[in-house]
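Asker: Chains A and B, in that order, are what the protein sequence lines are. Under the working numbering, the first sequence has 123 at position 123, and the numbering climbs by one with no breaks. Under the working numbering, the second sequence has 158 at position 158, and the numbering climbs by one with no breaks.
These aren't lab readings, by the way, just hints derived from the structure by calculation. Remember, it's a predicted structure, so these values are computed and weren't measured experimentally. Virtual Cβ for every residue (Gly too), placed ideally from N, Cα, C. Do not take every clue at face value.
Unchecked claim - Straight-line Cα separation of at most 30 Å, DSBU-like style, residue types lysine-lysine; simulated pairs:
id, chain 1, residue 1, chain 2, residue 2
1, A, Lys205, B, Lys55
2, B, Lys55, B, Lys115
3, B, Lys237, B, Lys257
4, B, Lys253, B, Lys237
5, B, Lys55, B, Lys112
6, A, Lys48, B, Lys253
Said to hold, decoys possible - From chain A, some residues computed to sit far from chain B (all C-beta separations above 12 Å):
id, residue
7, Val114
8, Met120
9, Thr123
10, Gln126
11, Gln130
12, Leu137
13, Val177
14, Leu207
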Amino acid sequence: MNVWQFMSQNRTEVLELTLEHLWLVGVSMALAVLIGIPLGILITRWPKLNKPVLGGANIIQTVPSLALFGFLLPVPWIGERADRLAILALTLYALLPLIRNTYTGIRGDDRAVVEAGRGMGMTDRQLLSQVELPLALGVIIAGVRVATVISVGLATIAAAIGAGGLGEFIFRGLAMVSNQLILVGAIPAAALAMLADVSLGWLEKRLAPH
Amino acid sequence: MDDSGSHDSAIEFRNVSYRLDGGRELLSQLNLQILRGETLVLLGRSGSGKTTTLKLINHLLAPSEGEIRVEGRSTTTEWDVIRLRRMIGYVIQDVGLFPHFTVERNVALVPKIEKWPAERIQRRVRELLHLVGLDSQIASRYPRELSGGQRQRVGVARALAADPPILLMDEPFGALDPITRAELQREFLSLQNRLQKTVVFVTHDMREALLLGTRIALIEAGRLVALNTPEEFLNSKDPLVVAYVDAFRTDLKTSDKRGNS
Chain A
1 MNVWQFMSQN RTEVLELTLE HLWLVGVSMA LAVLIGIPLG ILITRWPKLN
51 KPVLGGANII QTVPSLALFG FLLPVPWIGE RADRLAILAL TLYALLPLIR
101 NTYTGIRGDD RAVVEAGRGM GMTDRQLLSQ VELPLALGVI IAGVRVATVI
151 SVGLATIAAA IGAGGLGEFI FRGLAMVSNQ LILVGAIPAA ALAMLADVSL
201 GWLEKRLAPH
Chain B
1 MDDSGSHDSA IEFRNVSYRL DGGRELLSQL NLQILRGETL VLLGRSGSGK
51 TTTLKLINHL LAPSEGEIRV EGRSTTTEWD VIRLRRMIGY VIQDVGLFPH
101 FTVERNVALV PKIEKWPAER IQRRVRELLH LVGLDSQIAS RYPRELSGGQ
151 RQRVGVARAL AADPPILLMD EPFGALDPIT RAELQREFLS LQNRLQKTVV
201 FVTHDMREAL LLGTRIALIE AGRLVALNTP EEFLNSKDPL VVAYVDAFRT
251 DLKTSDKRGN S
């Protein structure tokens with residue numbers, strides 16, 4: 001039986017696991033955006049926090065993903081359910097590109113523009129919302145894009161702790177030494193990653209300042 | 001210090017020094033009164049402390065020592081910084097127009113954050129574009145679609161938008177080609193004749209200083225070394241001023257000779 005036959009015969013399960021995969025990535029990316037972008041903004045305001053915040057996010061990224069799942073297991077509430085655990089881990093991994101791109105995006109804004117705004121009496125909040133963030137938006141979206149693509153791939157590992165997603169097929173395929181079954185998980189995962197890359201790439205271009 | 005004299009001075013520096021965190025002094029013991037309605041030119045070479053002086057006025061930099069009084073009030077203790085900056089127009093060499101705003105939104109910046117009603121803002125923008133010699137059709141364009149001269153005119157219009165009594169200009173024409181620069185200098189003169197703002201103008205170009213200044217303050221290595229009218233400046237015996245004027249004259253002679261050969 002080839003890959004396509006298997007997929008069409010088991011399309012409900014393929015669809016279900018794809019949706020589950022999307023859910024894991026979607027929720028964790030939303031959380032990462034909500035945490036990472038404000039943190040990135042924060043360290044442009046308090047440069048002293050720059051090293052600890054970026055350093056911390058960097059260290060998280062160096063922890064092997066399976067080990068991270070293990071470390072998070074004893075955390076109350078989170079450790080109780082596999083999907084919570086997977087979402088937290090994916091969120092943590094996504095933080096670094098988000099914080100870093102927000103920070104470098106804002107720092108990379110034309111200094112003359114920011115200084116003109118400040119010199120004319122814009123408050124810090126006005127400067128941030130009307131000038132600094134809009135000008136840095138392209139770079140920030142680029143961070144979201146990188147984080148999302150990584151996250152789609154990483155989410156396959158969530159199946160190892162029973163959180164579901166397309167990794168289910170991959171792990172089943174590994175256990176049964178069936179390349180076809182691995183591909184049933186890998187092909188939709190790759191397609192999702194490409195879709196995220198292309199659509200966020202388009203958004204990045206649209207939102208980049210003139 | 002005598003307070004009675006500060007009546008007609010719009011800006012006053014009292015023993016102002018500015019040091020970087022590392023301790024390097026960029027400006028030392030500056031005492032200077034800038035009179036209402038005059039164009040005071042801060043003249044000096046790059047790194048002499050002219051821009052530092054300017055940024056101390058709108059409190060983009062805070063003095064390490066001494067105080068600056070704007071309209072009789074201390075910028076450090078008596079002014080709300082945001083209010084202070086909104087009554088001071090600011091024009092810089094790199095213009096600093098917001099690339100993601102149209103010309104109209106750029107010019108309308110201060111009126112908008114001051115929450116003027118929309119029709120008033122629109123009227124004001126047309127008026128200002130006309131004032132700086134720009135076609136009102138330009139209002140919907142983005143800065144990248146303008147020439148350098150047009151951009152700097154928009155920069156001036158933006159600084160004048162909320163009709164501030166004080167205008168700070170940091171080498172505003174420095175990046176322009178000589179012909180456009182001369183044109184904008186002439187227009188600045190006629191504009192200033194009509195508007196009578198208190199202008200502090202930074203330049204390293206003595207020709208520009210002589211042309212535009214009511215008074216010229218020569219700044220050298222963080223110190224105010226001479227304060228003269230343009231006529232006094234040209235006839236000064238002060239060695240530092242003479243050195244500056246001589247350099248300028250040599251420059252003129254050289255270009256004369258080349259022109260005649």
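Asker: Hints first: check each against the structure and report whether it holds.
Answerer: To see whether the hints hold, each was checked on the structure:
Distance hint between A:Lys205 and B:Lys55 is unfulfilled; the C-alpha atoms sit about 36 Å from each other, more than 30 Å. Proximity of B:Lys55 to B:Lys115 is assessed by CA-CA distance (about 26 Å); at most 30 Å being required, the pair is judged to hold. Our distance criterion of 30 Å between C-alpha atoms is met by B:Lys237 and B:Lys257, whose separation comes to about 27 Å. The hinted pair formed by B:Lys253 and B:Lys237 meets the criterion: a straight-line CA distance of about 21 Å does not exceed 30 Å.
Taking the CA atoms of B:Lys55 and B:Lys112, the gap is near 23 Å; set against the 30 Å cutoff, the hint holds. Distance restraint check for A:Lys48 and B:Lys253: the Cα-Cα separation of roughly 55 Å exceeds the 30 Å cut-off, and the hinted pair is therefore not satisfied. Under the 12 Å C-beta cut-off, the non-interface status given to A:Val114 relative to chain B is violated; the minimum distance is some 8 Å. A:Met120, annotated as away from the interface, has a beta carbon of chain B within 12 Å; the closest lies near 6 Å.
A Cβ of chain B approaches the Cβ of A:Thr123 within 12 Å, the least distance being about 6 Å, so the stated non-interface status is violated. A cut-off of 12 Å between C-beta atoms contradicts the statement that A:Gln126 is not in contact with chain B; the least separation is 6 Å. The claim that A:Gln130 lies off the interface is violated: its Cβ sits roughly 8 Å from the closest Cβ of chain B, which falls inside the 12 Å cut-off. At roughly 9 Å from the closest C-beta of chain B, the C-beta of A:Leu137 falls inside 12 Å, breaking its exclusion from the interface.
Under the 12 Å C-beta cut-off, the non-interface status given to A:Val177 relative to chain B holds; the minimum distance is some 55 Å. Separation of A:Leu207 from chain B is inadequate, the least Cβ-Cβ distance of about 10 Å not exceeding the 12 Å criterion.
This entry does not satisfy hints 1, 6, 7, 8, 9, 10, 11, 12, 14, going by the numbered hints stated previously.
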